[in-house]
Structures are given as structure tokens and as C-alpha cells.
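Novice: For the record, the sequence lines run as chains A and B.
The first sequence lines up with residues 44 to 335 when you count with this note's numbering.
The second sequence lines up with residues 135 to 298 when you count with this note's numbering.
Any given hint could turn out to be false.
Covered stretches of chain B, as calculated for chain A (at least 3 residues, CB under 8 Å) [to be verified]:
id	region
1	143-154
2	166-176
3	198-205
4	215-225
5	236-248
6	251-264
From the derived model, a few chain B residues whose C-beta atoms are all more than 12 Å from chain A [as the list claims (entries may be wrong)]:
id	residue
7	Arg189
8	Ala211
9	Pro212
10	Cys269
11	Pro273
12	Leu280
13	Pro284
Think of the hints as simulated: they come from the structure by calculation, not from any bench.
Keep in mind the model is a prediction, meaning the values are calculated, not measured.
Yeah, the Cβ is synthetic: ideal placement off N, Cα and C, and Gly gets one too.
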Amino acid sequence: MKPAPFDYVRAESVHHAVRLLAENKDGARIIAGGQSLMTAMNFRMSSPALLVDIGELEHLRDITLTADARLRIGALTRHADLDASPDIAAHTPLLRKAIRHVAHTAIRNRGTFGGSLSHADPASELPACVMALDATIHIVGPDGDRVVPARHFFTGVHETALGAGEVLVAVELDVIKADEVSGFGEFARRQGDYAMVGLAAHGRIAAGLLTAVDLAFFAVGSTPILARRAAAALVDPATPDPAQRLQRAREALSLDLDPPDDPQSSAAMRMELARVLLGRVVGDMLARGAGA
Amino acid sequence: MDIVLTINGRPHHLSVEPRVVLLDALRDRIGLTGTKKGCDQGQCGACTVLIDGQRVLSCFVLAATVTGEITTIEGLAPEGGPLHPMQQAFIEQDALQCGYCTPGQILSAIACVHEGHAGSAEEVREYMSGNLCRCAAYPNIVQAVLQAAPQMDATAGPTSAETV
Numbered sequence: 044m045k046p047a048p049f050d051y052v053r054a055e056s057v058h059h060a061v062r063l064l065a066e067n068k069d070g071a072r073i074i075a076g077g078q079s080l081m082t083a084m085n086f087r088m089s090s091p092a093l094l095v096d097i098g099e100l101e102h103l104r105d106i107t108l109t110a111d112a113r114l115r116i117g118a119l120t121r122h123a124d125l126d127a128s129p130d131i132a133a134h135t136p137l138l139r140k141a142i143r144h145v146a147h148t149a150i151r152n153r154g155t156f157g158g159s160l161s162h163a164d165p166a167s168e169l170p171a172c173v174m175a176l177d178a179t180i181h182i183v184g185p186d187g188d189r190v191v192p193a194r195h196f197f198t199g200v201h202e203t204a205l206g207a208g209e210v211l212v213a214v215e216l217d218v219i220k221a222d223e224v225s226g227f228g229e230f231a232r233r234q235g236d237y238a239m240v241g242l243a244a245h246g247r248i249a250a251g252l253l254t255a256v257d258l259a260f261f262a263v264g265s266t267p268i269l270a271r272r273a274a275a276a277l278v279d280p281a282t283p284d285p286a287q288r289l290q291r292a293r294e295a296l297s298l299d300l301d302p303p304d305d306p307q308s309s310a311a312m313r314m315e316l317a318r319v320l321l322g323r324v325v326g327d328m329l330a331r332g333a334g335a
Numbered sequence: 135m136d137i138v139l140t141i142n143g144r145p146h147h148l149s150v151e152p153r154v155v156l157l158d159a160l161r162d163r164i165g166l167t168g169t170k171k172g173c174d175q176g177q178c179g180a181c182t183v184l185i186d187g188q189r190v191l192s193c194f195v196l197a198a199t200v201t202g203e204i205t206t207i208e209g210l211a212p213e214g215g216p217l218h219p220m221q222q223a224f225i226e227q228d229a230l231q232c233g234y235c236t237p238g239q240i241l242s243a244i245a246c247v248h249e250g251h252a253g254s255a256e257e258v259r260e261y262m263s264g265n266l267c268r269c270a271a272y273p274n275i276v277q278a279v280l281q282a283a284p285q286m287d288a289t290a291g292p293t294s295a296e297t298v
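Chain A extracted, bound-state conformation (with noise of 0.2 Å):
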């Protein structure tokens, strides 16, 4: 199918794009890499009025280490530029894990960070990323300049803080420490379509136990969720064995989440594969230890 007519104009900075957005209150979408936005628009389940494009602030692509020891992660980086990044090899190894699973290259090539986090699908991957690392979003809008934590950034199926004529411009996280670890896994029936049930954690090790861990899920609800129990458990002093505390872990999982059934799988599968994957990822931040 093609999508509905629509008007389009490239902006010539943010600014612009914010004012054309204000211009244009109901109409008006933001494109960058247009992975998301054309399937819906392909499918008319999206029929904007006008086309916003982003795609040529290559300003806006730029990674940097800020001088607070923080990686500023431009909104228009690309999948494939996360992925190739040495920075973020370095810095933020949870996001070369989880790009690997995000699509396809030629997705990867063309999908943008600032892209998937606006779109916030609930199966996406980075939006799970960003709120395990505790990130901040920096948006541009017509009020001016605001910072979001991540972690109240996505509001519900493909909704987030963003208002009206607001452009979602960076994210900014603090760089891996020593003694910190990352893992990465989902569940999908193909590698590269959408999760089922995924997981991003980011945690502290010592002596070969966990002493802080988050654990943000996503394809369980609507936006991905924090297990807070779960991660209570498995940092739990008064439970030394990490075995035991893992299988506790897996049993507070069913009070942190409440995934729905779907066409796809059942809530009681999806419940039981985050258990299993609980076990996978604890397992291998466990088994590989501090700083990747």
C-alpha cells in the first residue's frame, strides 16, 4: 500500500522542526530514519498531514564523552553507528548487545536511536536499555530545553513525555564503572523480529555476587517495567548463595509483572519465558563479572 498524501519539508535545524511542529499542532510528525513510521504509514495506521524531516541535522548524530564522565548519545545516531561505535563498545556495552537484536542491517542502517525511543514500541529494545541504565532524555521544544529520566519517559503503547512540538534530541548515561556489568537477551521466534519477552539489565558485582542490579523488561506490558523484586532478591545480603537468591528471584518476577496474552503467546508462556530469561542473563553477567 502507499501511504496517505501528505506535505513534507526538511528542517534546517531543530528550531525549525519545533516551530513546524508548533505550526501544525495535530498533523505534524517528526521523520528521521522513517523504520518505524513508514510500515505505519505504508499501512495508513499513521496519516500525518505533514512530514517533518530530521534526517539532515547530522549534528544531532554525534556520540560524545561530556565532561562529567557521561555519553551523550546523539538522537539521530544510527543502529548501525551504535553498533560500530567504539565509544559505545567501551562506555555502554549494553547497547551493542542489545542492537544486535534490534531488525535486520538494513533496518540498522537507517533506524534511529532517538527514532525507537520516540516511537516507544513495547517490544522495542532500547527503550528497556535506557531505562536499565537510568538514562536521560534531553528534549528541545517550544518552551525551551528539558531533561526526562528515562524511567518516566514511556507513558504507554507507543506514547512517552513528549508534548506537543517537543523534539526528543539526545540521551545522555553514565559510562560503565569497574565494578558494573550489562546483560542482554530476549526471546523472539526469529532472530530480529519482535520479542516476545526480552531483558536489559545493568548491576554492580563484587566477590562474584551482585550488589545492585536493574532489571527493565520489555514485550510484558505496554512500556517496558522495572522488576523491582525481583532485583530486590537478587541482591538480598541475607541470602548468600546466588543460586538461591536467583530462584527467588524468578518467584517475586510474577509480582512485578503481569504480561497480557496475545496472538502470539499467552500470558502464562510469556511469564515463564521471563523466568527463563532471568536465569540466562543473571546467569551470564554472573559468569562473565564486572566491566562488559
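Place chain B on chain A using the hints.
Specialist: Chain B alone, transformed into the frame defined by chain A:
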């Protein structure tokens, strides 16, 4: 809107609606029907072309947004001249049945080699997994990619010397 697409080394001046995707511009406006329409939702890879040497899905790219050089299956070998090593390998390995997915497979395979992802059968399977073949010629496709890889100069971009 008026746009210029550089396809297989030649500029094409077009007047298109903004909603025209690159795939439709190639097939319906320019007559390059080698690029195939499969699913229109990024699942099949039949519409794969190269932009500045990178593989992309032409059903997902608005023609108006393209500023780079496009390579399609028609641009891989000169008329009547020797085939691109990847095309030749697909023939020699019998890497197709109906042929509908083949243009996308071949462009994807060329990019796969240039990305450095054709080191083993396992790697080829992983990095060609975005291109579906409903005839399931997969084992032969993997063999074709492995055959062509060493014949392609890994340092040259696929849009320069290999394009007419």
C-alpha cells in the same frame, strides 16, 4: 516536489509527491523493475538497494529524502559485460528458484561482504537473515555469498568500480 536521484551513476530528475517511496519511484517512475516489492513493511528484504554502499529497504525510504548514490541490481554489471562476482556466484551455486527475492538477496549479499560479515557460513546466515526466500534456497545462497566474498575487493566500495 522536484528531486534528483542518482541511480547507478546517472542522475534522474523527477517530480514526485512526497509520499512516494524509493521503491515505487524506481519501479513505476524510472522503470527499473529489478527491485521487487514484497511486503511494504520491512520484513522480507525483496526491495533492498544500496545507498552510498549501505543496504537499505527501499519500501521504507521516501524518495524525497534520498541524497546519496543509489545502486540497484541493474547497476551491478554493464550491459553484455561480465556479471558482478555475486551475480555469477548465485548462478553457479543455483541460489534461486523463482528469483523474486534474488535482486534483494544479491544487493544485501554485496553489502554483507563489504561490512565484513561473510567470514563463515554462520555469519552469512546471521547477516543475510533480513532477506527471506520463500523457495528456501538458503543453503545455496549462503554458498554463493561465501564463493563471491574472496573475489570481491574488500576495500572497494560497491558503488564505485562495481557500478557502470
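Novice: All hints, please: hold or fail.
Specialist: Hint-by-hint comparison with the structure:
1. Interface restraint, the region 143-154 of chain B with chain A: holds (4 residues with C-beta to C-beta distance below 8 Å; minimum three).
2. Coverage of the region 166-176 of chain B by chain A holds. Counting CB-CB distances below 8 Å, 3 residues qualify, and the rule asks for three or more.
3. Restraint check on the region 198-205 of chain B versus chain A: 3 residues with Cβ-Cβ distances below 8 Å, three needed, restraint holds.
4. Residues of the region 215-225 of chain B with a Cβ under 8 Å from some Cβ of chain A number 0, which does not satisfy the need for three, so the listed coverage is violated.
5. For a cut-off of 8 Å, the count of residues in the region 236-248 of chain B with a CB near a CB of chain A stands at 3, and the three-residue condition holds.
6. Only residues whose C-beta sits within less than 8 Å of a C-beta in chain A count toward coverage, and the region 251-264 of chain B has 5 of them, enough to reach three; the restraint holds.
7. Non-interface call for B/Arg189 relative to chain A: violated, since the shortest CB-CB distance, roughly 5 Å, does not exceed 12 Å.
8. No beta-carbon of chain A is positioned within 12 Å of the beta-carbon of B/Ala211; the least distance is around 22 Å.
9. Against the 12 Å criterion, B/Pro212 stays outside the reach of chain A, whose nearest CB is about 26 Å from its own CB.
10. The claim that B/Cys269 is not at the interface with chain A holds, since no C-beta of that chain comes within 12 Å of its own (minimum 17 Å).
11. Listed as a non-interface residue, B/Pro273 keeps its Cβ farther than 12 Å from every Cβ of chain A; the least gap is roughly 17 Å.
12. Residue-level check passed: B/Leu280 sits 17 Å from the nearest beta carbon of chain A, beyond 12 Å.
13. Remark: the non-interface label on B/Pro284 is consistent with the geometry, its nearest Cβ contact in chain A lying 21 Å away (cut-off 12 Å).
Comparing the model with each earlier hint shows violations of hints 4 and 7; every other hint is respected.
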